[in-house]
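Take a look at the letters that make up each chain.
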Amino acid sequence: DVKVTQSSRYLVKRTGEKVFLECVQDMDHENMFWYRQDPGLGLRLIYFSYDVKMKEKGDIPEGYSVSREKKERFSLILESASTNQTSMYLCASRPGGIYEQYFGPGTRLTVT
Amino acid sequence: AQTVTQSQPEMSVQEAETVTLSCTYDTSESDYYLFWYKQPPSRQMILVIRQEAYKQQNATENRFSVNFQKAAKSFSLKISDSQLGDAAMYFCAYRRWGDMRFGAGTRLTVKP
Chain A
1 DVKVTQSSRY LVKRTGEKVF LECVQDMDHE NMFWYRQDPG LGLRLIYFSY DVKMKEKGDI
61 PEGYSVSREK KERFSLILES ASTNQTSMYL CASRPGGIYE QYFGPGTRLT VT
Chain B
1 AQTVTQSQPE MSVQEAETVT LSCTYDTSES DYYLFWYKQP PSRQMILVIR QEAYKQQNAT
61 ENRFSVNFQK AAKSFSLKIS DSQLGDAAMY FCAYRRWGDM RFGAGTRLTV KP
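Heads up: the protein sequence lines correspond to chains A and B, in order.
Reminder that position 5 of the first sequence reads as 5 in our numbering, one-by-one numbering, no gaps.
Reminder that position 84 of the second sequence reads as 84 in our numbering, one-by-one numbering, no gaps.
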């Protein structure tokens, strides 16, 4: 079974802090994604990566950055957390070709 | 840009009955893939069913089936013999080559 893990299920941070969200997949997938999930808005793509050290902006990249130094790990970075970044963050991975995405359990981030 | 619309924010069904969740999408492409994902209260998103646009036959997975109307750009999910464990958020998603586009979701309640 594909396994996608995220470093924390719940996280509380203060405004202005730098926040790291980690995602690891164990199936050698080329593609990895970070989504933000908010009620009534569904999942919105923040960033994705199709290879090590490669990254592409999604629909809402402002205020976020990413890092992919190893194939299995994709990190989301909030350079200076703000209250409007309080949300559920979902990581996903996918092999090359036409396949579905596999999701991690999510990280509920609260910025106070 | 492709958009996915789920017009039913909430639905409810009696246990053992049948329910249909609606999804429409907008695309100018002819080859693409459509998905229904389920997100139970534990938050791990899992794939329910997948449909390739080039296939005329509707996909089925046990109690789950789709009604794919390509010309109408409609992709509804039918859940037969609903069970308490079907209670979840359901997301419709579209994908061609790049990232996946999600609808806003439908929250399904199953009444005993």
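Just so you know, these hints were derived from the structure itself, not from any lab.
Yeah, the Cβ is synthetic: ideal placement off N, Cα and C, and Gly gets one too.
Mixed in with the good hints there might be a few duds.
As the list claims (entries may be wrong) - Calculated from the model, a selection of chain B residues having no Cβ within reach of chain A, i.e. all distances over 12 Å: (1) R63; (2) G85; (3) D86.
Unchecked claim - Below, simulated DSS-like cross-link-like pairs (lysine-lysine); rule was C-alpha separation at most 30 Å, straight line: (4) B/K78 x A/K57; (5) A/K71 x A/K53; (6) A/K18 x A/K55; (7) B/K78 x A/K70; (8) A/K71 x A/K55.
For the pair supplied as a hint, A/K18 and A/K55, confirm whether the alpha-carbon distance does not exceed 30 Å. Given pair A/K18, A/K55 holds - Cα atoms ~20 Å apart, limit 30 Å.
For the pair we were handed, B/K78 and A/K70, check the Cα-Cα distance against 30 Å. violated, 40 Å
Is the straight-line distance between the alpha-carbon of A/K71 and that of A/K55 30 Å or less? Distance ~12 Å between A/K71 and A/K55 Cα, so the pair holds.
Restraint status (C-alpha distance of B/K78 to A/K57 at most 30 Å): Since the Cα atoms of B/K78 and A/K57 sit roughly 34 Å apart, the hinted pair is violated (cutoff 30 Å).
Chain A versus B/D86 - minimum CB to CB distance exceeding 12 Å, so not interface: holds, 18 Å
Is the nearest Cβ of chain A still more than 12 Å from the Cβ of B/R63? holds, 19 Å
For B/G85, which was marked as not at the interface, is the minimum beta-carbon distance to chain A over 12 Å? holds, 18 Å
For the pair we were handed, A/K71 and A/K53, check the Cα-Cα distance against 30 Å. holds, 9 Å
In terms of the numbered hints stated before, the structure departs from hints 4, 7, listed from lowest to highest.
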